[in-house]
Amino acid sequence: MPKTFETRIASYTERVNACLDSALPLASTHPARLHEAMRYGVFNGGKRVRPLLVYAAGECLDIETSLLDAPAVAIELIHAFSLIHDDLPAMDDDDLRRGKPTVHVQFDEATAILAADALQPLAFAVLAGLQGVPAATRTRLVQLVADACGSVGMTGGQALDLAAEGRTLDREQLEQMYALKTGALIHASIVSACLMSADPADERAAALDRFARAVGIAFQIKDDILDVEGETHVIGKAAGADELHQKSTYPALFGLDESRRRCNELLDGALGELQQFGERGVPLAWLARFI
1 MPKTFETRIA SYTERVNACL DSALPLASTH PARLHEAMRY GVFNGGKRVR PLLVYAAGEC
61 LDIETSLLDA PAVAIELIHA FSLIHDDLPA MDDDDLRRGK PTVHVQFDEA TAILAADALQ
121 PLAFAVLAGL QGVPAATRTR LVQLVADACG SVGMTGGQAL DLAAEGRTLD REQLEQMYAL
181 KTGALIHASI VSACLMSADP ADERAAALDR FARAVGIAFQ IKDDILDVEG ETHVIGKAAG
241 ADELHQKSTY PALFGLDESR RRCNELLDGA LGELQQFGER GVPLAWLARF I
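Just so we're aligned, residue 1 is where the sequence shown starts under the numbering used here, counting upward by one.
Please keep in mind that the hints were generated in silico from the structure rather than gathered at the bench.
Some hints could be false.
[Stated by the list, open to error] Below, in silico cross-link-like pairs of lysine-lysine (DSBU-like), each with a Cα-Cα straight-line distance of 35 Å or less: (1) Lys100 to Lys247; (2) Lys222 to Lys47; (3) Lys100 to Lys47.
[What the hints assert, rightly or not] Ranges between beta-carbon positions, derived for each pair: (4) Glu14 to Arg261: 36 to 42 Å; (5) Ser28 to Ala136: 35 to 41 Å; (6) Ser66 to Pro121: 19 to 25 Å; (7) Thr139 to Arg280: 25 to 31 Å; (8) Asp21 to Glu265: 48 to 54 Å; (9) Thr65 to Arg289: 18 to 24 Å; (10) Ala198 to Ala32: 22 to 28 Å; (11) Glu165 to Ala128: 32 to 38 Å.
A virtual CB, placed ideally from N, CA and C, is assigned to each residue, including glycine.
Based on the sequences and whatever the hints tell you, model everything.
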């Protein structure tokens, strides 16, 4: 295994992109405009952080890579679905995503809604078709991803985010929102690999569970910081959008210094959970620092 995970990112990204390409209908397949919009929403850039987390967690647990493709693809499809919806006028009303026009701008609002709606069930079809694992494992994967994207996960977090606009939240409320809105899908990415292990409830899985929860919240705090400090052409979306929409964010409620402190505290705690893995924990540690 090469020394650093960074050297394997390109091959993992190419791998998941090829799997996504196979899972998605061709743009020419009827109804063509819908399928074109679905592909646009998935292949409009992005670092594939969540699939990379799946593969890195798999390396931690020595899981065969071919078994990780389905959860990596499914979770990225769910992520793409969520971004299309988040960008809609009724939600965050964003015109840019990853430096390109958002799906509703590139196509139209109705097509964007339908494209996102089609990506979600496709994710579960991919999980249902996973071969080489017991049926019980497929069921647990479906349940994991369903919880991560439903009302007790990402969708619930988005509802809390919209309800919090113009309000002042305390730290516990804010981090609960982050744990659902952003952290749930990151958590599912890592735990999906744990479900493939011989004992998905052992201490190693528990450590990865704690790692995932800490990184998920830290990821959103860092995103908040970038919205304040970043430039539109660098972060790929309109900078300052959180302030414009009066969103409850870490910098808005606690300031940038406290946001950085809490982000680093969460990162340090997450990295501590990887110590028991030795060299096998290096890929996840690298990704945690990266994101």
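Just to be careful, I want the Cα atoms of lysine 222 and lysine 47 compared with a cutoff of 35 Å; is the pair within it? holds (16 Å)
Please check whether serine 66 and proline 121 have a Cβ separation lying inside 19 to 25 Å. Roughly 23 Å apart at Cβ, these two residues keep to the hinted range, so it holds.
With 32 to 38 Å as the target window, see if glutamate 165 and alanine 128 comply at their CB atoms. holds (37 Å)
Range first: 25 to 31 Å. Now tell me if the beta carbons of threonine 139 and arginine 280 are that far apart. holds (27 Å)
Has the given pair, lysine 100 with lysine 247, been kept, meaning a C-alpha gap of at most 35 Å? holds (23 Å)
That 48 to 54 Å hint for aspartate 21 and glutamate 265 (C-beta), does it hold up? violated (40 Å)
Range hint compliance [Cβ, glutamate 14 to arginine 261, 36 to 42 Å]: holds (37 Å)
Could one say that the CB atoms of alanine 198 and alanine 32 fall in the range 22 to 28 Å? For alanine 198 and alanine 32 the Cβ distance comes to about 45 Å; the hint is violated.
Is 18 to 24 Å respected by the C-beta to C-beta distance linking threonine 65 and arginine 289? The hint (18 to 24 Å, Cβ to Cβ) holds, given that threonine 65 and arginine 289 are roughly 23 Å apart.
Starting from the range 35 to 41 Å, see whether the pair serine 28 and alanine 136 falls in it by beta-carbon distance. At roughly 38 Å between Cβ atoms, alanine 136 and serine 28 fall inside 35 to 41 Å, so the hint holds.
Need the status of pair lysine 100, lysine 47: alpha-carbon distance at most 35 Å? holds (14 Å)
Violated hints for the displayed structure, listed by number in ascending order: 8, 10.
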